[in-house]
Amino acid sequence: MKSRLAMAVDASTCIDCKACMSACKVANKVPENHWRNWIKSADLDVQPGKHGRLRFQPGNCMHCDKPTCVDACPTGATYKDETDGTVRIDRGICIGCGQCMSACPYGARYRHPELRVADKCDFCAERRAAGLEPACVSTCPTKTRTFGDLNDPKSELNRLLKANKSVRVVNARSNTDPNIYYLGNPGIEDWPVEARMPSAFEFWKNLAGPVVKLFVGLSAAGFGAMLIKQLIAPGDGTNQDDKEREKDE
Amino acid sequence: MGSEMINDSKGSISRRNFLKLSGAASIAAATAGSGLLDARPGSAAQETSPVFDSKYGVCDMCFNRCSLIARVRDGVVEKLDPNPKFLKSRGMLCARGNAGVRQLYDPDRLKYPLLRKGARGEGKWQRLTWPEALDYAAEKLTEIAEEYSRCGVVFMAGSDMQSTFIHRFAEVFGSYNTLSHESMCLIAGTRGFLDTFGEVPIPDMLYTKYVVMAGANRFESLVTPDSIDLMTAIKNGCKLVVLDPRYTKTAALSDEWYPIKPGTDMAVMLAFAHVLITEDLYDKEFVAEKCYGIEQLSEYVKPFTPEWAQEQSQIPAADIRRMAREMASHAPQAMIYPGRRSSNYENSTQIRRSYAIVNALLGNWDRPGGLTAARMVGLKSPSFDAPFYENNPDDRIDAGVAKLMFEEEGSFKIARDAIIKGEPYPVKGFFTYKTNPLQTAANRRKTMEMVEKLDFMCTVDITMSDTAWLADLVLPSQCALERSDPCSSQQGSSACACVVMRDAVAPPAFESKSMFWIVKELAGRMALGEYFDFTVEEYREQQLAELPGAMDVLLKDGVYYNPSKLYGVYEGRIFKTKSKKIELYNERYEQMGLDPVPVYRSPRDTGKGQFRLVVGRNAVITQSSSQNNSLLVQFQPDNDLWIHPQSAGELGIRHGDTVTVESKAGRQRIRARVTERTRPDTVYMHTGFGVLSKGLSNVRGKGACIAEVLEDYMDDISGNMAMHETIVKVSKEAA
Chain A
1 MKSRLAMAVD ASTCIDCKAC MSACKVANKV PENHWRNWIK SADLDVQPGK HGRLRFQPGN
61 CMHCDKPTCV DACPTGATYK DETDGTVRID RGICIGCGQC MSACPYGARY RHPELRVADK
121 CDFCAERRAA GLEPACVSTC PTKTRTFGDL NDPKSELNRL LKANKSVRVV NARSNTDPNI
181 YYLGNPGIED WPVEARMPSA FEFWKNLAGP VVKLFVGLSA AGFGAMLIKQ LIAPGDGTNQ
241 DDKEREKDE
Chain B
1 MGSEMINDSK GSISRRNFLK LSGAASIAAA TAGSGLLDAR PGSAAQETSP VFDSKYGVCD
61 MCFNRCSLIA RVRDGVVEKL DPNPKFLKSR GMLCARGNAG VRQLYDPDRL KYPLLRKGAR
121 GEGKWQRLTW PEALDYAAEK LTEIAEEYSR CGVVFMAGSD MQSTFIHRFA EVFGSYNTLS
181 HESMCLIAGT RGFLDTFGEV PIPDMLYTKY VVMAGANRFE SLVTPDSIDL MTAIKNGCKL
241 VVLDPRYTKT AALSDEWYPI KPGTDMAVML AFAHVLITED LYDKEFVAEK CYGIEQLSEY
301 VKPFTPEWAQ EQSQIPAADI RRMAREMASH APQAMIYPGR RSSNYENSTQ IRRSYAIVNA
361 LLGNWDRPGG LTAARMVGLK SPSFDAPFYE NNPDDRIDAG VAKLMFEEEG SFKIARDAII
421 KGEPYPVKGF FTYKTNPLQT AANRRKTMEM VEKLDFMCTV DITMSDTAWL ADLVLPSQCA
481 LERSDPCSSQ QGSSACACVV MRDAVAPPAF ESKSMFWIVK ELAGRMALGE YFDFTVEEYR
541 EQQLAELPGA MDVLLKDGVY YNPSKLYGVY EGRIFKTKSK KIELYNERYE QMGLDPVPVY
601 RSPRDTGKGQ FRLVVGRNAV ITQSSSQNNS LLVQFQPDND LWIHPQSAGE LGIRHGDTVT
661 VESKAGRQRI RARVTERTRP DTVYMHTGFG VLSKGLSNVR GKGACIAEVL EDYMDDISGN
721 MAMHETIVKV SKEAA
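Quick mapping for you: the protein sequence lines, in order, are chains A and B.
Take 1 as the starting number for the first sequence in the numbering used here and just add one per residue.
Take 1 as the starting number for the second sequence in the numbering used here and just add one per residue.
Where hints are given, some of them may not hold.
[Stated by the list, open to error] In silico DSSO-like pairs for lysine-lysine, Cα to Cα no more than 30 Å straight-line:
1. K556(B) / K143(A)
2. K143(A) / K209(B)
3. K40(A) / K556(B)
No lab work stands behind these hints: they were computed from the structure.
Since the model is a prediction, treat every value here as computed from it, not as a measurement.
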């Protein structure tokens with residue numbers, strides 16, 4: 001990899017002001033009531049007197065080195081960009097099946113209701129191409145997030161990671177090797193869920209041979225059919241899958 | 001950073017090869033490639049390096065005026081970014097600032113002048129052309145001037161870089177009656193500090209080591225640079241103690257939080273003073289040299305022990321005593337945070353004066369990490385000679401009630417009462433710009449009663465606010481990204497003494513016009529054109545006359561700094577008070593019949609089933625001006641009533657129930673949020689919901705209005721509204 005883009009986050013300085021979420025929404029034209037990033041916190045422990053300071057934990061797609069979303073994608077639309085380490089979505093071949101969404105332990109993905117494709121943080125690829133930092137990074141009042149290249153020894157990111165202990169927030173059963181490094185205490189840590197991989201692929205990927213390929217091919221044909229359904233389905237994002245997911249939330 | 005390589009077959013190659021085994025999948029991929037890409041902006045095939053035009057602007061989503069950079073593509077503002085050179089904001093743009101693009105392109109924007117046709121609030125309007133609207137306004141203003149007096153028109157403008165032109169227009173039109181939003185906000189605090197230090201200090205948060213924050217919520221209600229610098233200070237070891245009846249995010253981020261009984265802050269301050277003086281912990285050298293009245297104060301605070309303050313505030317005496325000692329040990333890098341909004345209690349000026357006195361005892365004035373003096377920025381105020389009108393009343397409509405009202409801000413509460421009574425003289429015209437008293441002033445019914453007394457109300461705004469909704473004539477103004485404004489000076493302690501300037505980054509929407517253009521046109525119609533015989537550019541030249549080169553810097557950096565001494569400004573200088581010192585004891589107050597030292601009065605008790613209502617906001621709310629923003633509404637779609645589980649339980653109220661909250665002023669229905677984050681005797685609501693206007697499509701029908709429930713108490717000294725004096729009854733709505 002030429003570069004390995006990553007983020008260091010100092011949760012101790014986040015004030016939960018939502019500037020990062022607002023900035024991301026505008027920069028990336030994220031549709032209403034969907035978000036590419038978030039701020040999490042533990043339940044407030046309302047204790048008068050001396051108390052531990054609450055930590056707010058900002059996050060977004062962690063651009064993992066072992067991305068379960070990439071494994072779950074039936075079309076190859078979701079892939080790890082070997083040039084910079086980001087996990088990207090090729091909208092041209094995404095069929096919006098949603099398998100990547102349940103495969104992500106961090107809930108970093110949503111289905112774009114108009115485009116009917118998966119969507120998530122891309123570290124503001126468009127802004128980076130214009131020489132700008134990701135929107136959430138530059139807008140943050142307390143500069144909680146530091147963005148940079150792990151392959152660049154001189155980066156502020158590497159300086160912070162050398163100077164501080166850092167934690168990566170993961171689910172123990174689905175350690176995806178994420179690329180958000182929380183400096184010091186990240187606050188709440190037990191929220192990532194186990195990646196839910198599509199069952200067909202889980203089963204078949206352990207086998208080999210032409211029969212398997214045939215079955216996988218048929219399975220993929222099923223996804224092709226889903227795509228066609230996607231193309232003719234109404235674009236208001238109210239299909240059954242979305243309704244199911246809203247219930248889960 | 002590498003450019004993006006997302007259109008080739010890198011990435012999950014194995015999965016793609018898998019798929020190529022399947023004909024259907026290939027077709028699917030091909031279909032996707034040809035059928036969808038064109039319709040998808042930013043899709044892989046179309047992604048090219050974007051070229052933005054980057055233009056400086058100044059945010060207008062709240063009063064902070066943060067310098068920003070607009071990213072403009074094909075004439076469309078796509079994104080607003082912080083200006084990293086603007087140190088007052090520490091190079092940030094908050095959630096509201098980012099949502100500024102939604103304000104610019106808001107479909108609810110007022111599009112053209114509207115004349116009311118039906119009854120007030122009925123929502124029937126007739127579209128006018130600008131010449132028709134301006135002729136009509138000029139005619140009505142002249143009518144009122146002739147039939148009553150020129151002071152028969154009140155001009156009320158919110159915080160805006162063009163509000164100066166309204167004041168100028170009022171002055172040349174001949175009315176002394178100018179009001180601002182500030183008598184619903186901060187003037188009690190301004191009064192209290194001014195009458196102690198002789199000026200309004202700016203807290204040096206960045207270098208402080210110990211902050212007691214009472215009556216402020218700085219991590220939610222953002223003030224630059226205070227909010228940001230407080231976090232930096234905390235990172236550098238500063239201790240934060242929050243006294244607040246609510247467990248705010250500021251409280252959650254503090255080291256200590258005490259759910260103080262509302263209205264008892266002064267008791268705690270007097271106890272701090274008691275400990276500092278009786279334990280000999282105050283800065284004696286500083287006090288001897290710079291302060292007046294330590295003897296009187298020492299005698300006065302003797303009875304105010306921490307134990308006494310505990311009875312009042314319900315904060316443990318041992319903690320009050322310890323806090324005072326800890327402050328003293330960190331002094332002068334320790335402070336009682338002065339705060340901003342102080343429209344809380346009937347004695348808010350004296351409450352804030354008690355904050356100021358403790359700061360003086362800490363000796364933190366004019367020193368790093370304490371309270372710093374305002375610095376000269378060097379911006380000139382272009383002057384003019386207003387015409388003199390005979391037959392005008394002797395004084396303002398709101399004069400003579402509050403003893404120390406600021407004339408440049410006025411008192412909305414007093415003015416409203418006077419207009420309703422028609423005394424001391426009739427006011428029949430009301431002209432507002434970017435302010436929304438129907439939402440922000442306590443007792444909405446009284447505001448509506450006032451409006452009914454008017455012959456002509458003209459409102460200039462960007463959307464159909466509740467105030468516009470009741471007006472006779474509504475004029476669409478440009479939003480901040482569409483206009484060129486005068487320069488504005490900014491102060492931020494160690495962060496800056498600077499100038500910002502605003503130029504249009506987008507063409508004006510629909511038929512919207514700037515306030516400057518509107519008053520200039522009106523003036524022209526009323527034979528007052530000579531007073532507006534200039535352009536905004538020429539006005540700025542006058543402002544910058546003593547700052548050679550500033551304009552070039554503003555154009556290059558978006559901000560101009562005038563370097564000046566920050567600490568030790570008062571070495572060898574007198575204070576602008578009667579005693580020429582910091583006034584622990586205020587003789588001028590004494591002579592005016594006011595308490596020379598802050599005198600504590602217990603807040604009235606809440607009975608059973610009754611609560612003190614407190615109000616406020618968070619980082620995605622600006623009073624009542626941002627709630628309809630299509631982005632911000634996703635963070636804060638409505639408001640609810642915070643009520644403690646114990647109190648809710650006694651009233652049979654469950655989380656999410658609809659309840660009625662009722663006072664002598666009015667009642668509202670609102671959803672209950674049962675939470676331990678408020679005291680059992682205190683309920684809380686966010687500002688700005690429960691709108692009357694049908695022109696605010698995102699927020700119409702959402703939440704409840706504080707102005708409807710709050711009774712209109714007032715700080716006696718400053719004329720500031722007192723928003724936290726209202727006792728409400730809360731009851732569960734019958735199913």
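Verification of the hints:
Of the supplied pair hints, the one linking K556(B) and K143(A) holds, its CA atoms being roughly 24 Å apart against a limit of 30 Å. Proximity of K143(A) to K209(B) is assessed by CA-CA distance (about 21 Å); at most 30 Å being required, the pair is judged to hold. Taking the CA atoms of K40(A) and K556(B), the gap is near 39 Å; set against the 30 Å cutoff, the hint is violated.
Checked against the numbered hints above, the structure violates only hint 3.
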